[in-house]
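Make a model of the complete structure from these sequences and hints.
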Amino acid sequence: MITYRNIHKAFDQPVLQGIDLTVDAGEMFALFGPSGTGKSVLLKTTLSLIVPDRGDVEVDGISVYRGGPDALGRVRRRVGYVFQNAALFDSLNVYDNVAMGIPEEELARTAKLDVARRVWSAIETVNLDPAEVMAKIPAELSGGMRKRVGIARAIVGRPKVLLWDEPTTGLDPVNTAAVERLITRLSDELEVTSLLVTHDVEGGLLMCDRVAMLDGGHLRFCGTPDEFRKSPDPRVRAFVDRAAAEAALDNGTNAA
Amino acid sequence: MKRSTRALPVPSFIHRWLSGFGRASVITLDHAGALGILSVGIVKAIAQGRVRSQDVLRQMYIMGIQSLPIVFVTASLAGIVTSQQGGYQLASTSPAYLLGTLVVQSVVLELGPLLTAIVLVGRIGARITAELGTMVVSEQIDAFEALGRDPVAILGAPRVIAGVITMPLLVGFADVIGIAAGMVAANLSTGLGTEAFLYGARLFWHSWDLFYGFSKSVVFGLIIPLVSVHMGLRTKGGAAGVGLTTTQAVMFMILALLIIDAMFPPLLLQ
Numbered sequence: 001m002i003t004y005r006n007i008h009k010a011f012d013q014p015v016l017q018g019i020d021l022t023v024d025a026g027e028m029f030a031l032f033g034p035s036g037t038g039k040s041v042l043l044k045t046t047l048s049l050i051v052p053d054r055g056d057v058e059v060d061g062i063s064v065y066r067g068g069p070d071a072l073g074r075v076r077r078r079v080g081y082v083f084q085n086a087a088l089f090d091s092l093n094v095y096d097n098v099a100m101g102i103p104e105e106e107l108a109r110t111a112k113l114d115v116a117r118r119v120w121s122a123i124e125t126v127n128l129d130p131a132e133v134m135a136k137i138p139a140e141l142s143g144g145m146r147k148r149v150g151i152a153r154a155i156v157g158r159p160k161v162l163l164w165d166e167p168t169t170g171l172d173p174v175n176t177a178a179v180e181r182l183i184t185r186l187s188d189e190l191e192v193t194s195l196l197v198t199h200d201v202e203g204g205l206l207m208c209d210r211v212a213m214l215d216g217g218h219l220r221f222c223g224t225p226d227e228f229r230k231s232p233d234p235r236v237r238a239f240v241d242r243a244a245a246e247a248a249l250d251n252g253t254n255a256a
Numbered sequence: 257m258k259r260s261t262r263a264l265p266v267p268s269f270i271h272r273w274l275s276g277f278g279r280a281s282v283i284t285l286d287h288a289g290a291l292g293i294l295s296v297g298i299v300k301a302i303a304q305g306r307v308r309s310q311d312v313l314r315q316m317y318i319m320g321i322q323s324l325p326i327v328f329v330t331a332s333l334a335g336i337v338t339s340q341q342g343g344y345q346l347a348s349t350s351p352a353y354l355l356g357t358l359v360v361q362s363v364v365l366e367l368g369p370l371l372t373a374i375v376l377v378g379r380i381g382a383r384i385t386a387e388l389g390t391m392v393v394s395e396q397i398d399a400f401e402a403l404g405r406d407p408v409a410i411l412g413a414p415r416v417i418a419g420v421i422t423m424p425l426l427v428g429f430a431d432v433i434g435i436a437a438g439m440v441a442a443n444l445s446t447g448l449g450t451e452a453f454l455y456g457a458r459l460f461w462h463s464w465d466l467f468y469g470f471s472k473s474v475v476f477g478l479i480i481p482l483v484s485v486h487m488g489l490r491t492k493g494g495a496a497g498v499g500l501t502t503t504q505a506v507m508f509m510i511l512a513l514l515i516i517d518a519m520f521p522p523l524l525l526q
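Chains F and Y, in that order, are what the protein sequence lines are.
The opening position of the first sequence corresponds to residue 1 in the numbering used here, with each subsequent residue numbered one higher.
The opening position of the second sequence corresponds to residue 257 in the numbering used here, with each subsequent residue numbered one higher.
Some hints here could point you the wrong way.
Unchecked claim - Below, a sample of chain F positions facing chain Y; criterion: calculated Cβ distance under 10 angstroms:
#, residue
1, V79
2, A86
3, M100
Simulated from the structure, these hints should not be mistaken for lab results.
Idealized CB from N, CA, C, for every residue including glycine.
The structure is reproduced here in structure tokens:
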């Protein structure tokens, strides 16, 4: 379970203004919102990659900002983070990139053969051929393959929570659909809590148990996908309509 | 009696100067604080044994072995130019063997450490800032942290350790090459023989001078990677941000080297 309590964050302007949100254990949750509304910022506060000005985050009962010196380390060991552009380490090959997903202390006490088995299995899980990709460096992979390797790195540490930051951004429709199927399958198979930040509203509504919308630094909506579709809130309606229009445009462009 | 709440008019140039001074002070203190925190992080990583020796060796190879050709060229030219200009100045006023003194003292005290450091600013400092800056903007540094790894221990500490070890070795190499090139140039331009050159070199030689030159090299070897790592990790924005930070880092490093260089004589040559 992830709980955000009264999260405030400002850069030059206020971005998040008192966000309270709970993602239940085992739930798959999508966070929508127009660009620049702080969706990724909120996601990054979960692992203290961005420190909020006020407020706290709890992951499975461990407080990130008030839990003492070891709390952040314990939270980071429980959470797998899939970055927007995969954020693979340029100088490492796919094997070493994925192996970095195993927590440091665990890596030190695990036999090399077991590490290799886990890395191999994680790469297979994301539908890549380990024998083909393991020795390659990120620059030799396509965008879709890089995303999958990023997902493999996030799951190899056997997390309890998965955070997905725009996992389908920059992918063509075929790869988008494949990655979305992968997200659904992994969330079911690994029985993890998933929080997904995405621009792909239709995909998020199909995949997730609940959704929320950030707007103007506030949580504008939180509920089921059905409630979101039927929301009378004009800001939500405008966002849904714009997302639908953009999706239609994308489909038209791709069809052409 | 009614009090006026209107502020006294302040001339605009004073207002501008004060606000500029205030901004510069805040930026300086911000950098100083961040450099302090980075230094503590590096010392902690070293003390806790979290720095991998293969990372240090890799950085030493990049900073040391790969810098040898450019250091060789720079030191040779420095020795040759010093020798030629010194020969021209001393030709009619002083004994020719003083050219040996001039070349050796110039190279060991000043040219060897400073020119090698400036070469490393361009070759290594800019590279480190651009590399780490790119890792920041592509979220690789965030990824290290999300995976529970300390980027300072993995990326910062090996570069700083390698700089402190490599720089004195490079300066020693530069000294030898600079003196040898100066000796050959003295022979070719003024006809000064090797024995006379070495006699002049020994005449005013103090072992302290070598310590002085190497002390500088250790400090320069610390400053270059420390500043470049600091600037790289502060990069903001995309490709333009990386370019801007790299330029700022190079300016910052050269300025720091020249200021430290100017502080050395009153501290160690009195």
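Do the hints match the structure? See the list:
1. Checking V79 of chain F against chain Y by beta carbon gives a least distance of about 8 angstroms; that is within 10 angstroms, so the hint holds.
2. The interface hint given for A86 of chain F holds, since its Cβ lies 9 angstroms from the closest Cβ of chain Y, which is under the 10 angstroms cut-off.
3. With 10 angstroms as the threshold, the beta carbon of M100 of chain F comes within range of chain Y, its nearest partner Cβ sitting at about 6 angstroms, so the hint holds.
Violated hints are absent here; each numbered hint is respected by the structure.
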